[in-house]
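A.B. asks: If you want the building blocks of each chain, they are given just below.
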Amino acid sequence: MDYILSLIIFFPLVAGILGFLVSQNSIRIYGISVAFIEFMLTIILWIGFNGNTDGFQFVEHVTVISHFGMNYHLGVDGISLFLVILSTFMTMIALIGLNIKKDVKNLIISVLLLEMTMVGVFLSLDVILFYLFWEFSLIPMLYIIGAWGSDKRIYAAIKFFLYTFAGSILMLVGILYMGYLYHATAGVWSFSIPDWQLLILPFNTQLWLFGAFFLAFAIKVPMFPFHTWLPYAHGQAPTIGSVILASVLLKMGTYGMVRFLLPLFPDATIYFVIPIAIIAVIMVIYAAMIAYAQEDMKQVIAYSSISHMGIIILGIFAINAEGVTGSIFFMISHGIVSGALFMLVGCIYDRRHTKKISEFGGLAISMPTFATIYGVMLMASVGLPLTIGFVGEFLSLIGFYKVSWILTLLAGTGIILGAIYMLSLYKRSFFGEITNEKNRNLKDLNGRELAALIPLVVLVLVLGIYPKPLLEPIDFSVKKMIVLMEKKAVTQEAKEFIVKVNSIEGGL
Amino acid sequence: MEQYLYIALFAPLVGSLVAALFAQSSKNIFTGIFTSTLIFISFVSSIILLYYVNANTIVNVEMMDWISAGNLSISFGFVVDQVSVIMMVTVTLVSTVVHVYSIGYMEHDESFNRFFSYLSAFVFSMMILVMSDNFLGLFIGWEGVGLCSWLLIGFWYKKTSASWAANEAFIMNRIADLGMLMGIFLIYWNIGSLQYDIVFASIVNLDIKIVSWIGIFLFIGAMGKSAQFPLHTWLADAMEGPTPVSALIHAATMVTAGVYLIVRAGEIYTLIPNVGMFIASLGAFVAVFAASMALVNRDLKRIIAYSTLSQLGYMFVAAGLGAYWIALFHLMTHAFFKSLLFLGAGNVMHAMNNELDIKKMGGLYKAMRPTAILMGIASVALAGIYPLAGFFSKDKILEVAFNDGSYILWAALFVGAGLTAFYSFRLIMLVFFGDKVHEKFGIVPHEAKPFVIYALTPLALLAIVAGFFEHSFYEFTTQLLADYKFTLDHSVVINLIFATSAIALSGIIFAVYKYIRGGFSEKIENWRIYKLLLNQYYIPKLYEVCIIKPFATLSRFAWLNIDNKIVDASVDMIAKTICSSGEKAREMQSGNLSSMLRWMVVGIIVLLVLAIFYRPMV
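Chains G and U, in that order, are what the protein sequence lines are. Heads up, the first sequence is in the working numbering, so the first residue is 709 and it goes up one at a time. Heads up, the second sequence is in the working numbering, so the first residue is 90 and it goes up one at a time.
Each hint should be verified, as a subset may be incorrect.
[To be verified] Some chain G residues judged to face chain U by a derived CB distance under 8 Å, without partners named:
1) 936
2) 1109
3) 1175
4) 1183
Keep in mind the hints are simulated off the structure, nothing from the lab. Where a beta carbon is used, it is the ideal one built from N, C-alpha and C, also for glycine.
Only chain G is shown next, with the shape it has when bound in the complex (with noise of 0.2 Å):
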């Protein structure tokens, strides 16, 4: 088990370079052997987790450059534990569904290589790796929309890329600023975040810092008024593509938020608290404005991780451990749930070659289980109890409550908004009579599809009725964390919001 994080990291890597060498008829099975044993390596990960100790577990640490205190370190704490998971998992399901046919060797190998950054990205407790890992994921990505998209995809693509990439620029500038404030204050140079924990910045310090990484942050969720580029990938994307996108790359921004902001900056974070929240409220309710008026299945669905995302980010600035907890698990509930409905999508869109709503109507005549499943996914996206959009977005919503009730009444309006667009799309796609005479003869859902989506739907309904084995370990680092932001601010104003915000009584 020592060094169990590297083997999750390099496996698909390994795996992936040797895929060069397997055949193109059997490269589909090839991809989604790895990626399940890649799964269940972290499912080993999971059980060999420890949920009552302080910390990271499974550190892994080697000197690389000891000259400024770059090394390779990895370890996973209940925070990261279960995004980790996700990945692995969401790439093991998008390989199943996969059903395109075109250079689907190189494909799969970018999206094992596209897994080993993601999870990179989690298990880094070193910045500069952690660094290397962010952009990385770029890459993978850029080929997947570029190569397999639809028409606009190069478009898309250099977005996507050039987008992102901008605000990670200035992520490093303020990484290298932060180290050399270490290198001032400690002497030595170090860029692990659990040594970079440990230091107090004055505030005005803070404030710069903060925005260095909340930008680039802000860009990956993405942050209204930094969204734009979300549409175009996923509308261009292939479905795994989309998948994987929505499903963990855009967690990658509020992991960032939850692991550098908070726990780094926690005086400028709860100085920046209610703009923050103001934004993400903005987002809430005018993404859900805006996938209620579009015209693209796909669409409305990306418009919607939008709206969704705002929520997340709302209770990671909620500073408590019901909020903070609750985004994380809303983290995982988002990926699962529009993962699934990307691949809903995907499905229809293989068999139709459209995602134009106007096109469809009256599906549940001809593809029945299709349109139960997407009914399921649909009521798990609009956060119906004993689903498991449930849990997140209540406990994001509660824990944001206690900052500012306005604003958590102006993003409850997200569950309102989240019924309209997403019903009112099902109707239109799903009721009726069969207007379209080409959907009158569609095939309902093939194996590979069902293989897919039944983990999905059977996920949907154990964890919205049984969250504990994820919330117990989420909920133990993430008090801890607090704990530590509380020790560690240092305008009194800060110290009291923890406080406040973490404690009951006192009211509206």
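Given chain G, put chain U in place with the hints provided.
C.D. replies: Quick look at chain U alone, frame taken from chain G:
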């Protein structure tokens, strides 16, 4: 007793899941019988629990943990006490009848199995709603019944109007659910728990302002489910669903969930009489408002739906004024006679080939005597005539309003009682008596199957006798609920009863008298008030013009103009600026010696200027 609790709760779920297995196969009578049997088992368990709670004590179980994070810890906990057991018995009883009835009603439907799966799922959700021992558990059931209501209103999904109505119901309920969630958040952050017993024990220690807000938020939740003004429009549209669904969900059980919530949270509402007064006033308003729309409507099911709305208003008056047990009592009796009325209407619809316009019926008494008698009983009970159930429960609500000194509320309810009697008998007269208008349309009416009629008899029996259980009901429920003290003189009470009965009777007599003579002349249809009522006070129109359309327009505007033309265009502009400045700068590298020398001079000047003015090191 725990096993009975679990049986009562999970039997409907088992039925639903088993029926769901057959959802895509052709009609199988087995699913109908199987689910009905399981609902009946659930009913029997509820009865056993009723006896147990009456004789011994309440049953409370914690099944397993659900959500815990931070200080929050919520488990699946269920409680069977005097209130929930009454609800359980009512729900399972009506559900059993509706299930058996549906075997006949849905006989020729291709999605027979799917229907029973949804119907049983609804019962399960409703049981969770009433049995949970905490607010979030209640919320599970709350959303669960909303989901089942969506599925069942839109059951005939090929009909666009049905799926539209289903979406309307779901979305309107979601608006209210947000209010309810806000109430739950507020409770949590002030008390630290959502368990009923803990919340009710510590609510007295809170600031009255916070308690008021909790009360208001929870009531907003109740307004959605119970379709109170202004969130009422979905209920009439929900009549698109199959009639058994209307009987079970949109008359007897789900729509009363709001009343149940107020009764359940009675310990909160007793502390805030002002909010209670608002609830009662809104209830009285809805009682008359809805009844007035029922006066002129020609749609058989919509009339009954408005009547339901109006009766919900009565219940809220009682609950708002603190007479919780009376609200609950009316809830129960109303469930019996209203579902009976709806199911009878279902028989009529079948006989009329799904025609709903009551002006196209008439003279059905001969062909459908049993249904006519059953609907007659239900209507008399609804009108509140002694000795039927409605008399006891409705009359008590009027007494409460009078006793409270809220004479305006009393007057509204009094008028409402007259209107109720009138529209109920207008419906009976137009459907069962008078000219056989339907013959013009070539319809040959036929009575429903005998087992369908037999299935309805328990409801008819209860609609007749339930009122006589008033005293034992009072004794039983006030063990848990706050008692309501009447201070009225006996003689005043007698006068009130007399007055209410008189107006109800005169409403009936007026309707009978008028419609025996062929009803009103066509001229009144041109009256402005008639049009106003027929168009539901133009409220649906108003919503469409003021909310739905602007929302769609604004959404499109946000997408096409803001998102594409401002946000995205500015991103592209940055990219294009960089690109074009690169293009332009490229020209410097033209290789032309004279222009490059010129640029070199420019560069030297710039550097010199910088050297003169910017000297940080000095």
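A.B. asks: All hints, please: hold or fail.
C.D. replies: Status of each hint after checking the structure:
1. With a least beta-carbon distance of about 4 Å to chain U, the hint placing residue 936 of chain G at the interface is held under the 8 Å criterion.
2. A hinted interface residue such as residue 1109 of chain G counts as satisfied when its beta carbon comes closer than 8 Å to some beta carbon of chain U; here the least separation is about 4 Å, so the hint holds.
3. Contact between residue 1175 of chain G and chain U, as hinted, is supported at the beta carbon level, the nearest pair being about 6 Å apart and thus within 8 Å.
4. Interface hint status for residue 1183 of chain G: upheld, as the beta-carbon distance to the closest one in chain U is roughly 5 Å, under 8 Å.
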